[in-house]
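K.L.:
Read off the chains here:
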Amino acid sequence: MEFDLFLRYGPDLLKGFGITLLCWIIGSAGGAALGFVIACLMRWSAAPVRWVLGAYIELIRGTPFMIQLFLLYYGGPYMGLVLTPVQAGITSFIVYGSPYFAEIFRSGFQAIPPGQIEAARAIGISEFTILRRIMLPQTLVLITAPLTNFVIILSKETAILSVVTVPELLFQTQTMAAETFTYVEPFLALSLFYWLLVVLTAELGRRIEIRATRHLKRAASST
Amino acid sequence: MKAIITAATLALTAAVGLSQATPAQADLLADIRERGTITAATEMHYAPFDMLKDGEYQGIGRDLFDAVAKELGVKVEYIDLPWSSILPGLEAGKFDIVNAPVTMTAERMSRYHFTLPIGNATVALAKRAGNDAITKPEDIAGLAVGSQKGSAQLEQLKKFSEKLGEPATVREYVNIDEALADLAAGRIQAVANSMPLMGYATVQRPELFALVEPPFGDPKYFGWVARGDDETASLIEAVNAALLKLHEDGTLAAINEKWLGANPELPTEMPAVE
Amino acid sequence: MQFSFDVILHNLPYMLGAARFTLLISITGIALAIVLGTFICAARIGRSRVLRVLSGLYISAFRGVPLLVQLLLFYYMLPRIGLDLPAMPAAILAVGMCSAAYVAEIQRSALQSIPSGQTEAAEALGISPFALWRRILIPQALRLGLPSLINELILLVKVSSLASVVGIGELTRVAQNITGQTYRPLEIYITAALIYFVINFTLSQLGRYAERRLALT
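Heads up: the protein sequence lines correspond to chains U, D and V, in order.
Note that this note's numbering gives residue 60 to position 60 of the first sequence, counting from 1, and the numbers run on in steps of one.
Note that this note's numbering gives residue 7 to position 7 of the second sequence, counting from 1, and the numbers run on in steps of one.
Note that this note's numbering gives residue 62 to position 62 of the third sequence, counting from 1, and the numbers run on in steps of one.
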């Protein structure tokens with residue numbers, strides 16, 4: 001172990017981690033928002049819209065992120081679409097995550113017994129209120145863990161942004177490895193940074209879960 | 001918090017384990033002779049040295065290492081690995097030597113053993129075919145030029161660019177494929193990498209790329225790499241002896257002629273590196 | 001740009017050959033992830049405190065360290081403690097064990113979102129624990145967790161590309177190798193994407209079929 005390497009490359013690694021963090025947060029939030037819209041449209045819109053969205057989900061979910069990004073960034077200019085690395089990275093990151101998020105939200109919606117929604121409609125509660133007050137709170141119990149899972153997975157997919165020269169964490173560790181001909185130090189740095197991300201995300205997920213399952217516990221203890 | 005500490009401890013243990021020396025081997029060459037096989041790893045991603053063509057490993061690296069192994073009297077087993085696992089694999093003894101074209105630099109030579117030069121690693125430029133604005137290396141002044149990050153060629157490009165009236169904008173790519181894809185897409189005007197690699201790319205896609213002559217910067221060389229410990233000394237010696245023999249009997253020239261259409265002058269002793 | 005179908009046709013057999021490794025790692029990895037993930041989930045929600053802590057650590061470790069590093073550790077570290085795994089088993093183990101952490105979390109959330117009133121009612125009715133799990137909890141948990149499980153398994157298929165770091169010439173690696181020699185990344189990557197799509201679409205349709213079978217009627 002050569003600790004002076006961490007000093008030499010520390011600033012670059014931190015800069016890379018910052019960019020990873022930025023892309024990850026924007027990508028996760030954007031992907032989740034887009035995924036939520038898709039899941040809602042899949043539930044409440046006409047059949048042709050559902051078919052198009054179904055095809056979108058299968059196509060984006062079925063192909064690797066690296067290839068999607070490569071085609072957008074290096075293939076785009078042939079169709080007049082010239083994006084900067086960060087533009088291409090964040091756009092494709094949001095698009096890539098959206099079908100996974102949509103599927104998680106769909107699984108949440110499906111978990112609500114249809115009888116509840118029919119009953120709510122029968123007493124004249126609006127669709128929006130049904131979504132907000134009846135479906136989402138119950139859904140959170142089921143989907144928090146898969147959402148946490150996927151947001152963690154997305155944190156690692158940010159590494160692929162290096163393919164379009166976004167100077168994120170993996171890009172910086174690879175530079176360190178190639179220049180100094182070392183591998184233990186770069187990979188250790190890489191692992192620790194990601195670990196930090198994952199531990200924080202998992203903790204956040206756990207807290208949301210505790211909040212979301214309060215009513216279940218209360219119901220259980222009152223019986 | 002407890003999880004974090006445990007996790008960090010685990011990671012540290014793992015890292016310390018990785019950096020430990022390999023189990024003692026008296027002499028790598030003797031082991032190889034006894035096994036009858038030498039295992040060589042490369043990244044089949046450096047045409048014309050190492051490439052996967054029609055499902056088969058081909059190139060200068062293949063032909064030359066085959067010839068060296070014949071001199072050593074052993075068979076060869078080749079492995080394709082991405083760079084991220086070549087050094088860990090070498091340290092762990094999963095293979096005996098790296099027969100990828102690795103540019104010799106002082107920092108690398110301080111950690112690993114290099115063989116005699118097996119190729120010319122001096123920098124050359126590729127441009128888009130038909131781009132008449134670039135006819136010599138100096139014409140990249142003020143333009144966007146791509147190269148592979150962490151590579152010795154990138155350093156050469158930066159040094160060269162600084163001396164120009166208006167420096168070039170240097171863009172760094174993980175992989176030279178991506179730099180070439182960006183050259184084709186028009187985001188950059190030239191790609192800098194070693195002369196043989198750029199030459200091969202321009203020959204393969206003449207409608208897309210063209211070579212800018214002459215090469216520039218300090219002369220650099222590619223070598224093969226073995227672990228930095230004492231056990232590999234005899235192997236390096238034997239490989240070097242074999243390379244010298246291939247220099248003399250014309251095999252090296254013939255192999256280069258076959259893949260490059262030219263015969264670069266390669267030193268027969270270790271070049272001085274800074 | 002001249003898009004070359006010849007390059008695709010010429011290299012397709014090699015890419016399909018490489019896709020066999022992708023399939024092999026994916027199928028065995030999925031089996032391992034589901035079986036192991038189920039055990040970890042059981043440990044996570046079970047009564048034993050030791051098992052709960054251990055399974056929590058497992059999940060934290062395997063979700064926390066990038067799979068690239070896990071694979072390097074499996075293949076290049078285990079030999080030092082006398083466990084010299086060949087490349088393929090190392091890849092399958094790493095991919096499957098990593099995915100198991102995610103699968104365990106999906107199953108846990110599915111089980112925990114079943115109202116506890118159901119278990120209490122079953123106990124009050126004198127339904128045996130075995131019947132409770134087999135007839136009530138597991139079918140519901142399967143239905144609830146299925147979309148997320150399919151998400152995870154599709155991710156597993158794609159992440160099998162990291163097996164290249166232990167020397168396995170799977171689909172992504174071979175596509176990159178071919179690109180490095182033909183200098184035609186767009187053609188080759190589109191082909192690779194199509195092959196991945198066929199594998200993942202099959203998986204997705206299997207999931208949809210299972211969902212319909214388990215659906216509330």
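Check before you lean on any hint, since a few could be wrong.
Below, a list of computed lysine to aspartate or glutamate pairs in the DMTMM-like style, where the Cα atoms sit at most 20 Å apart [claimed, not checked]:
hint, chain 1, residue 1, chain 2, residue 2
1, D, Lys70, D, Glu107
2, D, Lys70, D, Glu213
3, D, Lys158, U, Asp12
4, D, Lys75, D, Glu138
5, D, Lys53, V, Asp84
6, D, Lys53, V, Glu211
7, D, Lys136, D, Glu107
8, D, Lys159, D, Glu107
9, D, Lys75, D, Glu34
10, D, Lys75, D, Glu213
11, U, Lys15, D, Asp249
12, D, Lys136, D, Glu34
Label-pair restraints from in silico Cβ distances [stated by the list, open to error]:
hint, chain 1, residue 1, chain 2, residue 2, range
13, D, Ala262, V, Leu12, 53 to 61 Å
14, V, Ile81, U, Phe3, 47 to 55 Å
15, U, Leu7, D, Lys70, 27 to 35 Å
16, U, Asp12, D, Asp230, 31 to 39 Å
17, D, Asp132, U, Arg43, 41 to 49 Å
18, V, Phe3, D, Thr135, 25 to 33 Å
19, V, Ser116, U, Arg206, 51 to 59 Å
20, D, Pro214, V, Leu12, 34 to 42 Å
21, V, Phe5, D, Ala262, 15 to 23 Å
22, D, Gly55, V, Leu194, 47 to 55 Å
23, V, Arg49, U, Glu127, 32 to 40 Å
24, V, Trp133, U, Gln87, 49 to 57 Å
Rather than coming from a laboratory, the hints here were simulated on the basis of the structure.
Small disclaimer: the values here were computed from a predicted structure and weren't measured.
Backbone N, C-alpha and C define an ideal beta-carbon position, used for all residues, glycine too.
K.L.:
When you check the alpha-carbon spacing of Lys136/D and Glu107/D, does it fall within 20 Å?
P.N.:
31 Å, violated
K.L.:
Hey, Lys70/D versus Glu213/D, does the alpha-carbon distance stay inside 20 Å?
P.N.:
36 Å, violated
K.L.:
Need the status of pair Lys53/D, Asp84/V: alpha-carbon distance at most 20 Å?
P.N.:
31 Å, violated
K.L.:
For a C-alpha distance cap of 20 Å, please report whether Lys15/U and Asp249/D respect it.
P.N.:
It is violated: about 53 Å lies between the C-alpha atoms, which goes past 20 Å.
K.L.:
Given the hint that Lys136/D pairs with Glu34/D, does the C-alpha gap stay at or below 20 Å?
P.N.:
52 Å, violated
K.L.:
Does the alpha-carbon distance linking Lys53/D and Glu211/V stay inside the 20 Å limit?
P.N.:
44 Å, violated
K.L.:
Can you tell me whether the CB distance of Ile81/V to Phe3/U sits inside 47 to 55 Å?
P.N.:
25 Å, violated
K.L.:
Taken at face value, is the distance from the CA of Glu213/D to the CA of Lys75/D at most 20 Å?
P.N.:
39 Å, violated
K.L.:
Against the 20 Å threshold, does the CA-CA distance of Lys70/D and Glu107/D hold or violate the hint?
P.N.:
Violated: Lys70/D and Glu107/D sit about 31 Å apart, past 20 Å.
K.L.:
Please check whether Leu7/U and Lys70/D have a Cβ separation lying inside 27 to 35 Å.
P.N.:
Roughly 47 Å apart at Cβ, these two residues miss the hinted range, so it is violated.
K.L.:
Would you check the hint for Lys159/D and Glu107/D, treating anything up to 20 Å between C-alpha atoms as holding?
P.N.:
With a Cα-Cα distance of about 18 Å, the restraint between Lys159/D and Glu107/D holds, given a limit of 20 Å.
K.L.:
Given the hinted pair Lys158/D and Asp12/U, is their alpha-carbon gap at most 20 Å?
P.N.:
18 Å, holds
In summary, the numbered hints that this structure violates are 1, 2, 4, 5, 6, 7, 10, 11, 12, 13, 14, 15, 17, 19, 21, 22 and 23.
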